[in-house]
Amino acid sequence: MKKINYWFLSSLIISLVIIFPILTVFISFFSQTSSYLELLSNTFLSLYITHSLIILLGVLSLTFIFGVFSAYFVSFYDFPGVNFLKWSLILSFAVPPYIYAYSLTAFFENYGTLFTILSFIFGEGEYNKYIPKFDGIVGCILSMSFSLFGYVYVLTRATFFYQSNNLIEVSKNLGLSVQESFFKVILPSARPAIVAGLALVAMECLADFGTVSFFSVQTLTTAIYNSWLAFDDLHTANQLSFILLLIILAVFFIENYSRGAARYHLNSQGFRKIPKIKLNYKLGLIICFLCFALFFLSFIFPTAQMIYWTIKFPKYFYDIDILSLNFNTLLLVIISSMFLIFFALLTNIGNRISKNKILDYMSFFSISGYALPGIILGVAFITFFAWIGDTLNYLFGLTNIKGIFIGSIFGLVLAYFIRFYSLAFNGIKSNYIKINQSIDETSLLLGFSKTKIFTKIHMPYLRNSFFLITILISLEIIKELPMTLILRPFNFETFATQAYIYASQDLLEAASLPSLFLIFWSVVMIFFTSKYILLEK
Amino acid sequence: MYSPFFEIKNSTFFASDRNKVINFNLKIDRPGEIICLLGPSGVGKTTILRSIAGLQKIEKGEISLKGKIISSKNIHVEPELRNIALSFQDNSLFPHYNVIDNINFGSNRNSSSKFKLSTKELIDILHLNKLEKKFPHQISAGEAQRVSLARSLISKPNLLLIDEPFSNIDQSLKGELQSNIKKLLKKFEITTIMVTHDSYEAFYMGDKCGIILDQKLEQYNTPYNIYHYPNSIKIIKFLNRGVLVNAKVIDDETLENKDLGKIKGVLINKFSKGSNVQLLLQPDDLKHDDKSDLKLEVIDRKFRGTEFIYLVKTKNNDLIPISVDSHHGHYHEIKEKFGIKKPIYIDHLVCF
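In order, the protein sequences belong to chains A and B. Residues 1 to 537 in this note's numbering are what the first sequence lists, from first letter to last. Residues 538 to 889 in this note's numbering are what the second sequence lists, from first letter to last.
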């Protein structure tokens with residue numbers, strides 16, 4: 001009996017650690033209102049929400065079009081370059097929206113890259129007034145759409161991938177035209193996946209801080225940041241967080257409701273590749289061009305812009321301590337992954353051994369962190385530990401508690417832990433449940449001890465998922481901006497924060513080097529995981 | 538000018554290097570016939586169906602339906618315009634529609650057709666009553682196959698193609714479904730090409746059977762003729778119902794085997810006297826007789842319900858199957874001697 005209690009206790013602690021930011025936000029909202037919030041609600045709050053929603057709508061529409069059509073064509077049709085394109089489209093994950101925003105501005109701004117190109121081709125001229133400016137809300141929508149459509153693409157493609165027959169063929173055989181089969185069969189069959197993809201896009205979009213802050217669009221996230229930074233008003237920041245959380249909750253519910261009885265995919269008889277329909281030469285080239293354009297705009301364009309500026313302004317090679325940026329990122333990634341995998345494994349083993357219903361229930365709660373925007377988590381983190389620190393200081397005269405958690409590597413890692421715990425937990429769980437209970441039983445009958453089962457059978461099997469999880473966590477941490485910005489120690493920079501700081505000082509050319517490194521490392525990570533992302537393993 | 542209802546002429550079907558069928562010819566004279574295509578897995582049966590349905594183009598030859606060419610090197614009628622229904626072997630149901638909606642997908646097609654087939658009727662025949670509101674992921678593979686078949690049938694196709702329709706359906710239901718579907722196809726005169734690897738199924742369902750071996754249509758004939766007059770050793774090996782034993786031709790009506798002695802009957806293929814041939818012996822060719830002095834050793838005994846099949850060994854180590862009525866009074870245990878009726882007379886002597 002005692003054994004079960006240990007597992008129970010560890011699961012309980014992890015769940016509590018993860019749930020405290022949400023509790024903090026809730027408690028803050030229902031305690032008294034400060035005057036700043038009244039000010040907001042009178043004048044700006046509705047404007048913030050409107051901005052957030054306009055951007056959300058724009059991004060959802062564009063990611064829907066980009067994601068669904070590209071997934072549709074690469075899944076069902078055979079055309080020139082389809083194998084390269086299906087892979088290259090996930091490279092968009094390497095460019096976070098805020099870096100896309102830097103490129104967009106660098107390219108189109110007055111005397112920017114486009115101006116240079118035009119001058120080079122046509123000679124000196126007054127091109128600035130003819131070059132469109134993508135900033136403000138439009139810039140936000142474009143940046144986020146091109147860097148987030150991958151979620152819709154990957155999930156929609158997964159649905160198509162798992163069909164055991166080419167649905168287009170089936171519907172053609174039933175007498176439907178290509179258009180009819182798209183609207184009556186293909187689109188509805190992928191609905192749950194499309195909605196799930198869009199829900200992820202929506203959460204990323206609502207949680208975005210870097211892009212809106214760069215384009216100076218006032219949204220809920222910038223308001224949360226400003227009320228913390230400029231007004232030093234954590235209370236208001238938390239209350240705004242609460243409103244943002246409500247919107248995210250709504251997204252969750254819509255996603256869940258929409259899924260209904262329909263499922264992602266069905267494939268009752270094992271997997272086999274669906275036969276692809278060959279497009280005729282002309283149509284094939286058009287589709288190839290469109291998909292390539294999407295790849296170009298989502299990945300080549302921002303990367304090329306960053307490379308161009310890095311080369312054009314070599315002095316930042318010396319100004320920026322690129323070695324320590326690499327080191328810092330590596331440090332965060334390694335410590336966080338180790339913590340996350342260790343504890344996620346521990347909880348998974350606990351759940352497997354004790355088969356306790358309450359444990360299952362609690363682990364469900366503890367995976368909520370991922371839906372929490374980094375900025376909310378950051379602010380809630382500070383709120384909570386400031387309160388703990390003050391309380392302990394008041395009660396026992398301990399003065400340095402705050403310093404352990406706020407502005408320290410430990411605090412930052414703890415925050416990452418909360419945010420990405422679900423990634424690690426589910427990653428291990430999804431593999432762990434594939435080890436059938438009967439395998440354990442067989443091993444016991446063959447004379448293996450429980451420890452031996454774990455070391456000889458479970459661990460080798462799970463090793464692959466540790467690798468995958470580490471990479472996914474790394475990808476997230478490398479790109480993470482607002483939380484790192486709020487919680488990092490003084491003078492401790494990552495690629496993301498360094499680029500952000502330069503960009504917010506209007507030093508885009510300086511931001512390009514850390515941005516480029518960020519893209520580079522992300523591409524490396526994606527390269528290692530592409531087989532999993534594209535379901536080819 | 539006469540033209541058959543459906544015809545495939547000199548066509549080559551190609552899915553992959555291993556998986557192709559060359560120089561394929563097949564004719565269905567009248568509508569309403571059921572054709573079964575038999576062959577080992579991977580031989581290209583599904584590719585043929587896909588090509589007939591228009592999901593795949595053909596490089597060589599032509600396919601025509603009702604006197605009109607639908608596939609050739611230069612002509613390719615789109616699948617949605619052919620009115621040829623294909624019931625896929627794998628689950629091909631639309632995952633977001635329930636069973637009844639999936640079936641109704643076919644119902645609007647060909648409303649001018651002369652036969653009226655109601656969804657209700659089909660659901661009864663195919664035993665789908667309790668599944669109507671379920672979604673594809675909630676039903677079994679066998680059930681999904683039946684729904685898929687119902688969807689194809691309801692579209693009242695000019696030609697129905699069925700790919701291994703009973704492969705996931707349990708034995709007890711299989712027999713009933715086979716008979717129901719056969720009745721239905723005959724009643725509405727639905728011309729059908731069915732692919733299967735089960736020869737019993739093919740012999741029962743098909744008016745004619747085509748056997749595809751080694752990239753070729755090896756034989757195309759009625760089930761009776763295929764069973765009794767197989768035209769090659771390959772067919773015999775594939776059907777696996779009989780064995781070949783060595784024999785010598787004595788005259789047009791007599792053969793001689795070392796162990797069995799003289800065998801009388803009519804030789805189907807002519808051989809010159811004295812030539813050595815291989816004779817096909819099927820379970821129903823030799824008769825059991827306890828009193829006979831021709832005794833062979835029992836190696837194995839299979840109980841088939843209506844009959845026993847004894848496997849007996851000759852001195853020459855040939856293993857010959859012999860069918861014995863299930864009511865035959867006593868068992869012959871393994872290693873016992875088993876009498877064979879003499880003189881041996883076999884209606885048609887199939888030799889190679």
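Rather than coming from a laboratory, the hints here were simulated on the basis of the structure. Please note that the accuracy of each hint is not assured.
As the list claims (entries may be wrong) - Derived DSSO-like pairs: lysine-lysine, alpha-carbon spacing no greater than 27 Å straight-line:
hint, chain 1, residue 1, chain 2, residue 2
1, B, 610, A, 282
2, B, 670, B, 711
3, A, 278, B, 557
4, A, 276, A, 531
5, B, 711, B, 667
6, B, 839, A, 184
7, B, 874, B, 839
8, B, 603, B, 711
9, A, 278, B, 610
10, A, 86, A, 456
11, B, 719, B, 799
12, A, 276, B, 753
13, A, 276, B, 557
14, B, 670, A, 184
15, B, 799, B, 711
16, A, 276, B, 832
17, B, 546, B, 603
18, B, 667, A, 184
19, A, 184, B, 657
20, B, 720, B, 745
21, B, 801, B, 753
22, A, 86, B, 594
23, B, 597, A, 276
24, A, 278, B, 597
25, B, 839, B, 807
26, B, 878, A, 278
27, A, 282, B, 597
Any hints from earlier that this structure breaks? Give me their numbers in increasing order, please. The structure breaks hints 6, 8, 10, 11, 15, 16, 21, 25, 26; every other hint is satisfied.
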